[in-house]
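A.B. asks: For the first sequence, position 4 matches number 4 in the numbering used here, and the numbering has no gaps at all.
If you're looking for bench data, these hints aren't it; they were derived computationally from the structure. We treat Cβ as the ideally placed atom computed from N, Cα and C, and that holds for glycine. Keep in mind that the hints are not guaranteed to be accurate.
[What the hints assert, rightly or not] Computed Cβ-Cβ distance ranges for the label pairs, DEER-style:
#1 G108 x G265: 50 to 58 Å
#2 R259 x G108: 23 to 31 Å
#3 S207 x G265: 23 to 31 Å
#4 P267 x G20: 51 to 59 Å
#5 D43 x S250: 41 to 49 Å
#6 G20 x M274: 39 to 47 Å
#7 G108 x G277: 44 to 52 Å
#8 N275 x A69: 38 to 46 Å
#9 K272 x P109: 21 to 29 Å
#10 G25 x L133: 31 to 39 Å
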Amino acid sequence: MPELPEVEVVRSGLEPAVTGARVAGVEVLEPRSLRRHAHGADDFAARLEGAVLERPERRGKFLWVPLAASGTALLVHLGMSGQVLVREPGVDDRQTRVRIDLEHPEHGPLRLNFADQRIFGWMALDPLAPTGLPDERVPALVAHIARDPLDPHFDDHDFITRIRARSTTVKRALLDQTMVSGIGNIYADEALWAARIHFDQPTRTLSAVKARQLIAEVRRVLTRALAEGGTSFDAQYVNVNGASGYFSHSLNAYGQQGRPCARCGRPIVRVKFMNRGAHYCASCQRIRGGSAA
DNA sequence: AAGGCTGCCTGCTTGC
DNA sequence: TGCAAGCAGGCAGCCT
Numbered sequence: 001m002p003e004l005p006e007v008e009v010v011r012s013g014l015e016p017a018v019t020g021a022r023v024a025g026v027e028v029l030e031p032r033s034l035r036r037h038a039h040g041a042d043d044f045a046a047r048l049e050g051a052v053l054e055r056p057e058r059r060g061k062f063l064w065v066p067l068a069a070s071g072t073a074l075l076v077h078l079g080m081s082g083q084v085l086v087r088e089p090g091v092d093d094r095q096t097r098v099r100i101d102l103e104h105p106e107h108g109p110l111r112l113n114f115a116d117q118r119i120f121g122w123m124a125l126d127p128l129a130p131t132g133l134p135d136e137r138v139p140a141l142v143a144h145i146a147r148d149p150l151d152p153h154f155d156d157h158d159f160i161t162r163i164r165a166r167s168t169t170v171k172r173a174l175l176d177q178t179m180v181s182g183i184g185n186i187y188a189d190e191a192l193w194a195a196r197i198h199f200d201q202p203t204r205t206l207s208a209v210k211a212r213q214l215i216a217e218v219r220r221v222l223t224r225a226l227a228e229g230g231t232s233f234d235a236q237y238v239n240v241n242g243a244s245g246y247f248s249h250s251l252n253a254y255g256q257q258g259r260p261c262a263r264c265g266r267p268i269v270r271v272k273f274m275n276r277g278a279h280y281c282a283s284c285q286r287i288r289g290g291s292a293a
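Given only the sequences and the hints, what does the whole structure look like? Please build it.
C.D. replies: The following block contains the structure:
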């Protein structure tokens, strides 16, 4: 379940390998991995071959590599199980869906393998469009995605205002990538635990102080997970070298059902919510009625 | 506007 | 032992 920290680990790992490299060859082994590319697998390969790659960028869980002098980017979403692996030429990985061979001016030939067990992830070539900020462009398929909490232009005050104005509940809002991006099921549950907020608390009843605390805890958990190299439970998430992260050892709520809450000792419980699991401490995280003041 | 639900997917785990 | 159902869930799109 790659979320912001895992995608950022991939982006930063990719940066030295791809920046300035030329695409020497593209092989699409699984056309479904290109379902969001507008014109099919052959067009994808033909247009990507020969392109020179620039520094990879990220917003939320979306990762893209601009192609020099083209107004286009190679856009990647890892979905549930996607990986981008930097390998020696000719090396293959299990469940490789797209192979991209690179020629780097300093590192020589390299291979990128886009591997994805469940095929929820995808790649596409997508036009870059201006955001309104000087010198900032994002792919068209990312235009509707909100800034993420590690973006220097993320506006906490604006987030607090918007979340309190929405008639929804708090976990639903955290998972809504048009409200705030980069958060998935793991870090939503972790941030809610840290802020002592129940997942089903109506957002209109969140005080401004509580909403501020929530976004601060979101940022803290994302930052800590990034520092630990992301969360891995198995081979489904690895960095560009195939190594796992360590944050799974730091989880307080997600996957901790039956274990004692690190604050109060009562067991963490897991319930079904939005067709996924919600993990929380029923003692520390209660729905508070009352004023929104 | 909000949200419920489905489809997209495979591999591992659980249950009969 | 073997098979089938259940489970993991990000996102788009449809419908109410």
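A.B. asks: A range of 31 to 39 Å was offered for this pair. Does it hold for the Cβ distance of G25 and L133?
C.D. replies: holds (35 Å)
A.B. asks: Please check whether K272 and P109 have a Cβ separation lying inside 21 to 29 Å.
C.D. replies: Distance hint for K272, P109 is violated at roughly 48 Å.
A.B. asks: For the pair G108 and G277, does the Cβ-Cβ distance stay inside 44 to 52 Å?
C.D. replies: Taking Cβ atoms as reference, G108 and G277 lie about 45 Å apart, which means the hint holds.
A.B. asks: When you take the CB atoms of G108 and G265, is the distance between them in 50 to 58 Å?
C.D. replies: holds (56 Å)
A.B. asks: Should the hint that G20 and M274 are 39 to 47 Å apart at their CB atoms be regarded as holding?
C.D. replies: The hint (39 to 47 Å, Cβ to Cβ) holds, given that G20 and M274 are roughly 42 Å apart.
A.B. asks: Please test the hint of 23 to 31 Å on the beta carbon pair from R259 and G108.
C.D. replies: violated (48 Å)
A.B. asks: Holds or violated: the 51 to 59 Å window for the beta-carbon distance between P267 and G20?
C.D. replies: holds (52 Å)
A.B. asks: Between S207 and G265, is the Cβ distance one that fits in 23 to 31 Å?
C.D. replies: Check passed, 27 Å falls within 23 to 31 Å.
A.B. asks: N275 and A69, beta-carbon distance inside 38 to 46 Å?
C.D. replies: Cβ of N275 to Cβ of A69: about 44 Å, so the range 38 to 46 Å holds.
A.B. asks: State, for the Cβ atoms of D43 and S250, whether the hinted interval 41 to 49 Å holds or is violated.
C.D. replies: Hint holds: Cβ distance 43 Å, inside 41 to 49 Å.
In summary, the structure is inconsistent with hints 2 and 9 from the numbered list given earlier, while agreeing with the others.
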